[in-house]
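One letter stands for each residue in the lines below.
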Amino acid sequence: MNKLLIAVSVFLTVSGIWGLNSKKISPASAECIDCHIQATPSIVKNWERSSHAGTINDEHVVSCAECHTIDPEKHRDTFDHNGSRIHTVVSPPDCGTCHPEEAQQYSRNLMSHAYGNLMHNSLYRHLIRSVTGEENDIEDSCLHCHGSMIQPKGIHQRETVFGEMEFPVLEGWPNQGTGRINPDNSRGSCTPCHTRHDFSIETARKPHTCSQCHKGPDVPAYRVYTASKHGNLYASNHESWEFGNSTWVAGEDFTAPTCATCHISRVATPEGEILSRRTHQMNDRLPHRLFGLIYSHPHPANPDTSIIRNNGGLPLPTELSGEPVRSFLISPDEQEKRLSLMKGVCSGCHSGSVIDSHFKRLEQTVARSDQLVKTATGLIGKIWEKGIAGGPGRGDSPFNEGAEKIWTRCWLFYGNTIRLASAMMGADYSSFANGHFQLSEGIRQLREVLEKSPNGKFEK
Amino acid sequence: MNKLLIAVSVFLTVSGIWGLNSKKISPASAECIDCHIQATPSIVKNWERSSHAGTINDEHVVSCAECHTIDPEKHRDTFDHNGSRIHTVVSPPDCGTCHPEEAQQYSRNLMSHAYGNLMHNSLYRHLIRSVTGEENDIEDSCLHCHGSMIQPKGIHQRETVFGEMEFPVLEGWPNQGTGRINPDNSRGSCTPCHTRHDFSIETARKPHTCSQCHKGPDVPAYRVYTASKHGNLYASNHESWEFGNSTWVAGEDFTAPTCATCHISRVATPEGEILSRRTHQMNDRLPHRLFGLIYSHPHPANPDTSIIRNNGGLPLPTELSGEPVRSFLISPDEQEKRLSLMKGVCSGCHSGSVIDSHFKRLEQTVARSDQLVKTATGLIGKIWEKGIAGGPGRGDSPFNEGAEKIWTRCWLFYGNTIRLASAMMGADYSSFANGHFQLSEGIRQLREVLEKSPNGKFEK
Amino acid sequence: MNKLLIAVSVFLTVSGIWGLNSKKISPASAECIDCHIQATPSIVKNWERSSHAGTINDEHVVSCAECHTIDPEKHRDTFDHNGSRIHTVVSPPDCGTCHPEEAQQYSRNLMSHAYGNLMHNSLYRHLIRSVTGEENDIEDSCLHCHGSMIQPKGIHQRETVFGEMEFPVLEGWPNQGTGRINPDNSRGSCTPCHTRHDFSIETARKPHTCSQCHKGPDVPAYRVYTASKHGNLYASNHESWEFGNSTWVAGEDFTAPTCATCHISRVATPEGEILSRRTHQMNDRLPHRLFGLIYSHPHPANPDTSIIRNNGGLPLPTELSGEPVRSFLISPDEQEKRLSLMKGVCSGCHSGSVIDSHFKRLEQTVARSDQLVKTATGLIGKIWEKGIAGGPGRGDSPFNEGAEKIWTRCWLFYGNTIRLASAMMGADYSSFANGHFQLSEGIRQLREVLEKSPNGKFEK
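Going down the list, the sequences are from chains U, R and A.
What the first sequence shows, in the numbering used here, is residues 448 to 907, in sequence order.
What the second sequence shows, in the numbering used here, is residues 448 to 907, in sequence order.
What the third sequence shows, in the numbering used here, is residues 448 to 907, in sequence order.
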């Protein structure tokens, strides 16, 4: 296709779709679009559908150059591209140029620290090694969600529709994990939820977006949701709901919550009373962390959890006996405040009696699941003691032997599922699918390991 | 918001949405709405969308007071609330005031007896205890679907938007399980399927509603459906189907069945021939019960299955060898009649040859799955005999030891799945997901337990 | 209903719905419809919605007789039916009358050979027997997807709405498996994807259709897709996509791919550049086969894989050590060509850098998963050597003992999942659900079998 044809096609697209804003594309972005409507047409089309394409900021709509050329010196992936200095990886500070509050909140979100919280925790590194064999595939497993570290590694030549061109070599790219370490040394990524390049709020508010990382047995929030009445109502009725209104009206825009409703969005009553403010610190309304660790515990006070040490020196927010390590965790007052924010969302649809009873039941189930996990942990402790498996006391990985894998399943999969299923009312998932039945089976298996094994190979 | 503002907003809502029926809200219900449009706005909005809001019954539309104030003396959860005597928990007899046939049919449904059928069966109590540890979390597991027993336990004070008020303390609440024991001593609940407060027939007819309790490995009907051609067509095309017509026309309103089509709804041909009458006794078209027990068997004749005893004195509809206990089960004639009702639904879309071949194949697969389960049961029998595990002969739980858990998986998960997958043509689920592969593995494991263990700790 | 009434209803239906084409129904098909609008109304209604009903071929629209009476002598299921010679099972050669290119391509598709590739492979027969007990239920398990062999077995009488009539007895029917052996001795079936009788391209292009056979743990492509960004965008946004345009425009008709987009459809840019031609040979864009066998390998050159033998004489495309058996597999040049076709689809939405990085990462992960599977296979080899399990060296099934089942899980479920999850970017499924965690656990279990067992029962 020659330049003239492209120009005509861009003109037609512009006049047909962008309408009034057609003249508002900055010269720099117009140049990008000139080629990319041919090189990567869907990206351009997606952007055309975005709010960015209709939002005038500083005389021009927010388009390619407005994001990909911010602060070129800070971005180590900046390269010369047809006369422009552009960077591939748009980072939260880039988005924060126009969305400073969201960027701030997200920086306090555990998710923005997901890379370091995993990779700078010696216990989790043991888990990674025991699960992936070594750590060779972690960009295709753990770091897919936690985020990779993106490292520019020079420049390479590549054939394109416009002839041979130069591009940066980016180790760890592509990746849209929530805690990505970007070439400007910032943490996080907005695109796991606000998918490029239409950044649709409708998509972000639908549960499928969260499900990309919250579906596996280690954090089955989405699966529990699909077994709940809320999830049933979403699946049955969402086609008539309105997902685009920034202030989301309970009972009018939607009749049952998605993940975003309870954890993120600004929710209001039909009369305009605000039930909850928007937050991008996802644990703002959560008194406890229910998954990802051995026991439930008050949420960490700092999003960088790699700093946590329990009394035994392990990087865990509880002792192996379940006691929370208070100094690293939010206070009971803060927990109370967060619970009350969550109850505020519930009150759009439920009476106070139902809400209070629900949270009282959740508290009991969580306590009980912690108790069952403590039984399992007591058994693995004895298994370590008897030397049937190595364990942390010998400096050995606590995750790589048969009995240790059973114990890992008990808390990482089953205890976790029981708590989430109570919190989100999806009991069909926790009874037999990956919860009570399996936890009781795991405890029984640990008992048998202990009973049947003579003292083990690790014994001295 | 002051009283005047509320009144205005109620008036506007009323005139805008309820149209002609606006004046038809009973004075008692109008009082409820006056406050609840502020206290729980979504409930009011949901009700506005319901058929109830447009249905005149005895001069007024069916609204809050019409349901929540029926027979106050019978409901032990009745309390004084702003001058009215209302009860929280609406029961099937309440719904039966206007829907007597549905209430009658549902009372003959196994589901309305789900609480007692579980809790008054000594074997199932063993299963509950072995699965949940004790029975502490059963409201967050088994009883979530089976229904809880709701017990009024006095009155408590609670802060509301209208100041401090008194409410009943209800043990076991909230719960929408199908066999709930209500404070008026009635059994069951209409709301697991007819979700409060819009009671939408569209929601009830979509498979997600049934999936809330029929998704786990113990009864994976929904998972099997999603692997079937029927489920594929639902997922691919339901957006253009019509779910609201009380008489549901095959080939016009829908082109593949949902759960409701085959098991509940009144289905007709485009020419108006009725293919099946509506029923709320869900096994009306089912000759066999395929899941939930060790072997398939003719459906129980009485919805209260806690009365069943086999020749060995166990509360089971078959012997441990698989023989059905005929005296408690429907007759072959009744089975034939039910099968023929089901075939009537199929005939909307399928020729007689296809229908007959399908059910012949189902019969063979069910018989074969029972045979495989019998192999597993024979092995656990020998394991009990040798004293490797305790078992019912010693008065011990048959569900709590390692080998017993393998056996439980064999029938409760795998045999069950094979039968459902044949019935609903979702073989991809039963081959490797939770069926044949796992059943053959389970039988092999039981064999190894038997071969490798010396006589056991239970031996005398 | 008497004949007159039926005639009137047919007339009304015809004039109301078929409009201009009403007179274009062939006399033979009109006779079918006369009765079948009553006997199987949904089939007629579905056909009315099809493109066939609007497509004039040789003066008439494509209706019942046009497909069900082709070449009566070739179809062994042909029978006399109200004066016509019709056959029940429409085969790919029948469809190929109007769609010769598609039929040709499909004949080169592994899927059209799915029956023989399973049933004529002695190792797979061992697998079937070990999984299903014997081979009694294979029509309700393996052959549901692979296709059954349909055998006419005489004629039987059956009561219909029009009185007693004669129909052929068809063993193996109903079945819509992809490699069905039809009564005209042809292979395959078009209806697994192009569902009877509307043959909707919209349905075929939605992922639920593929999911019917690609959801289980042996080939979890659909599950991986639902955990990917592509799957998220489909679930969140497909309601506004256009699935019916034969040339499918990236960025306009859809904004993220379904299965069909990458593997089958003709895809174009908004400017009309063709990114990929339509193919019904599903591996046309696939350099490697990632699932179904022990190791990944270049795709078989011939769709009949039952002819493959490795150096050890086993019907496998690789040695047990993982080496591909080059003579039966496509060449590196052909692999390169196929990869480049796939990259062509990607280029609708992604830049070359992202595409190249993705496929480089995939290559690494696949190689690494093969390495892990090789570890597992080495262990089962030693288990066979020590006589702990029988194995193929003794002419015994390699799939029926405890350790063998663990090994089977390692490659058939877990290695497979890791590869697919990398290929389709659904890492949440491969990390903990059915991939890395389970593969590392399986390898550990095999190691324990080897360490703990004395020399086995098979030892001489």
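Since the hints were made in silico from the structure, they are not lab data.
The reader is advised that the hints may include incorrect statements.
Any copy, or any two copies together, can satisfy a pair, since identical chains are not distinguished.
Said to hold, decoys possible - In silico BS3-like cross-links for lysine-lysine, where the CA-CA straight-line distance does not exceed 27 Å:
1. Lys833 - Lys790
2. Lys471 - Lys784
3. Lys521 - Lys784
4. Lys807 - Lys833
5. Lys600 - Lys807
6. Lys899 - Lys829
7. Lys833 - Lys899
8. Lys821 - Lys676
9. Lys600 - Lys790
10. Lys676 - Lys790
11. Lys676 - Lys471
12. Lys807 - Lys790
13. Lys833 - Lys784
14. Lys521 - Lys899
15. Lys784 - Lys807
16. Lys829 - Lys790
17. Lys790 - Lys521
18. Lys784 - Lys829
19. Lys833 - Lys821
Computed from a prediction, not measured in an experiment: that's the story for all the values here.
Subject >> Ascending list of hint numbers which this structure does not respect >> reply: 1, 2, 3, 4, 8, 11, 13, 14, 16, 17, 18
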